[in-house]
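From just these sequences and the hints, can you work out the full model?
All letters in the sequence shown, in the order written, are residues 1 to 260 by the UniProt record's numbering.
Take the hints with a grain of salt, since some may be wrong.
[Claimed, not checked] Okay, the calculated beta carbon distance ranges per label pair: (1) D10 <-> D252: 23 to 31 Å; (2) D10 <-> G91: 31 to 39 Å; (3) R255 <-> R194: 14 to 22 Å.
Hints were generated in silico from the structure; no laboratory data involved.
Note that the Cβ used here is the ideal one computed from N, Cα and C, for glycine as well.
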Amino acid sequence: MRILALPAFDDNYLWLVHDHAGNAVAVDPGDAAPVLAALQAHGLALRAILLTHHHPDHIGGVAALCERYAVDVYAPDDERIPHATRRVAGGDHIDLATPSLRLQVLALPGHTRTHVGYHGGGLVFCGDTLFSVGCGRLFEGTPAQMLASLDTLAALPPETAVYCAHEYTWSNCAYAATVEPANPALQERIRQVRALRASGQPSLPTSIGLERATNPFLRVDMPEVIDWGLHSHGIAPGARVERFAALRRGKDQFRLPALW
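Shown next, in the form of structure tokens:
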């Protein structure tokens, strides 16, 4: 099994999973053009499409792909997602024959109310819920919902490869460094990401273990983040949802320093 990162728009990654026999699955194809180009370049045939949520940069290419390929489109039960042939919800399982992949659907509300993820085979496609060293904005959900979704992802095995949908890692690292400036794992991640981006490589996939060590949104219960909430915002140590909400508000207002 191989997974290709297809850059799209300003900072999206469309993921294309394929096996050695040339069978492929597209994840969140917001633009058909890079998917079609990759299928042709690698001699692949599209067998299915997985969608995590309804935003245009995740579903915009589905219609054009379905014109070329008669495939199942797996998507959450949301009327804002047309072209879906299989509606899924948390707890469902998807058995893809080609490529051979069994996935569990994870309910991940917060970024949107019907957001889902797909976990199996040592990986997770998490859309805009979890980013490397960050998390998605709360467009429709509540802080409590988003924190619960992140808790779901954090509970996956640490070696799980995490395929996020955006290249936000550098700015996320800069914000995380304001929360945990003395975190050695974060400092190492900053060095890694600087080198990857300087050479034009993606900072993804990441892993659940790496995110547990570096991502403040998965570390709301760590002493350093609790101290940040207490001393910066007067948040009581036991108020984890309030602390998460403060972290997210801080990221919403954060601007990348010029020297970064």
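Against the structure, the hints:
| no. | hint | result |
| --- | --- | --- |
| 1 | D10 <-> D252: 23 to 31 Å | 18 Å, violated |
| 2 | D10 <-> G91: 31 to 39 Å | 34 Å, holds |
| 3 | R255 <-> R194: 14 to 22 Å | 19 Å, holds |
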